[in-house]
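Modelling step: build the complete structure from the supplied sequences, incorporating the hints.
Here is what each chain is made of, one letter per residue.
Number of protein chains: 2
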Amino acid sequence: MTAPILDFWFDFASTYSYLSAMRIGPLAEKAEVRVRFRPFLLGPIFKAQGWVTSPFNLYPAKGRNMWRDLERSCADLKLPFRRPDPFPQNSLLAARTALAALDQAWGENCCRALFRAEFADGRRIDDPAVVTDVLAQLKIDPKPVLAAAQSDTIKMRLRAQTEEAQRLGVFGAPSFTTADDELFWGNDRLEPALRWAKAADKQN
Amino acid sequence: MTAPILDFWFDFASTYSYLSAMRIGPLAEKAEVRVRFRPFLLGPIFKAQGWVTSPFNLYPAKGRNMWRDLERSCADLKLPFRRPDPFPQNSLLAARTALAALDQAWGENCCRALFRAEFADGRRIDDPAVVTDVLAQLKIDPKPVLAAAQSDTIKMRLRAQTEEAQRLGVFGAPSFTTADDELFWGNDRLEPALRWAKAADKQN
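For the record, the sequence lines run as chains X and B.
When you read off a place in the first sequence, starting at 1, and then add 13, the result is the number in this note's numbering.
When you read off a place in the second sequence, starting at 1, and then add 13, the result is the number in this note's numbering.
The hints are simulated quantities; they were obtained by calculation from the structure and are not laboratory data.
None of the values given here were measured: they were computed from a predicted structure.
Among the clues, some could well be false.
Unchecked claim - Simulated pairs of lysine to any residue, SDA-like, Cα-Cα distance not exceeding 25 Å:
1) B/Lys60 with X/Gln62
2) B/Lys75 with X/Gly56
3) B/Lys75 with X/Ala213
4) X/Lys91 with B/Gln216
5) B/Lys75 with X/Phe69
6) X/Lys211 with B/Leu92
7) X/Lys75 with B/Ala173
8) B/Lys75 with X/Arg81
9) X/Lys75 with B/Arg77
10) X/Lys75 with B/Gly76
11) B/Lys91 with X/Asp214
12) X/Lys75 with B/Arg208
13) X/Lys43 with X/Ala16
14) B/Lys211 with X/Leu83
15) B/Lys75 with X/Trp64
Spelled out as structure tokens, the structure:
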């Protein structure tokens, strides 16, 4: 028997994607669901909605509350947190690096390490030197990963992945989609999405 | 010893306010927190953000997901649900009625009955005949309530309450505020808000 699958759509610039990335591993294991990490870019999707930056910047009251909510949530989860500057970070390099990394066994570790660099250590994930250092700390040779990240293959795969997210109705991050096309939006929907994936699988 | 207080800010047009209104009673009792029902109008607050209708109408992908999420959430909570038409409803009459009702012991019941009329029975809460019927079913004489709801006192109180919400940083509904000025936004934050109110109270 194969485990049911849940797709985890995230953007490295997204604050609540950080929380989900750090939470999803043990929760998925407990739920007996196999998670696929699907990095994509929110930018083009926001642009299609008429937003030129994060809605948290466009709507200051909403933004202020998000930062405070994130502080509280990280404290509850015992996760370190530092507010990235600037926000949002340009997540293109991190997304490409992650796509290349996810072809390897250590791909999810690499995603978590990039999120930590950004949201726990306050480092800039658009800086190749930072990405190089993140990989080196994982005992991964950075050179071939960064070369792959900048290849046309990965660039096209990231574009295709972002288009797929949009086709599935994804409008924010994190989002979760199931084999039977349910879309769950937001870190708060991680547990219901895992439950759905598991229950839908049992019905087949 | 008096129980800590949590203010529950809601708009009758707001879908997730329905969920919180139906959930908050037993949860607050268990948490030993006293909840104050604070109806207000999102309209003026949305307008200040440049929105002329619900963001769920302005952003169709977000709106589609909200309706599906609400169906799933209501199923989980075993709450009846019918999508209001039109959406959003004009919530002015319901908010004024609720403010008048909340001066009485049956005020919270009246709020829940109005939410049920709208989101479970698909009735129009901007129709005085519907509000009259909702009150009558609670064995309340509708006439004096509706007269109070349309008084200048209540009109001004609703305006002041909406301004207070805005001053507190409220930008959506439901929201929850504590005595130490924490703002929690969304039905998903009801439990953390109750925990916060309780914990903050213990520290004093």
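Cross-check of the supplied hints:
{"no.": "1", "hint": "B/Lys60 with X/Gln62", "verdict": "18 Å, holds"}
{"no.": "2", "hint": "B/Lys75 with X/Gly56", "verdict": "16 Å, holds"}
{"no.": "3", "hint": "B/Lys75 with X/Ala213", "verdict": "23 Å, holds"}
{"no.": "4", "hint": "X/Lys91 with B/Gln216", "verdict": "21 Å, holds"}
{"no.": "5", "hint": "B/Lys75 with X/Phe69", "verdict": "15 Å, holds"}
{"no.": "6", "hint": "X/Lys211 with B/Leu92", "verdict": "23 Å, holds"}
{"no.": "7", "hint": "X/Lys75 with B/Ala173", "verdict": "21 Å, holds"}
{"no.": "8", "hint": "B/Lys75 with X/Arg81", "verdict": "23 Å, holds"}
{"no.": "9", "hint": "X/Lys75 with B/Arg77", "verdict": "21 Å, holds"}
{"no.": "10", "hint": "X/Lys75 with B/Gly76", "verdict": "18 Å, holds"}
{"no.": "11", "hint": "B/Lys91 with X/Asp214", "verdict": "22 Å, holds"}
{"no.": "12", "hint": "X/Lys75 with B/Arg208", "verdict": "22 Å, holds"}
{"no.": "13", "hint": "X/Lys43 with X/Ala16", "verdict": "12 Å, holds"}
{"no.": "14", "hint": "B/Lys211 with X/Leu83", "verdict": "20 Å, holds"}
{"no.": "15", "hint": "B/Lys75 with X/Trp64", "verdict": "14 Å, holds"}
Violated hints for the displayed structure: none, as all numbered hints are satisfied.
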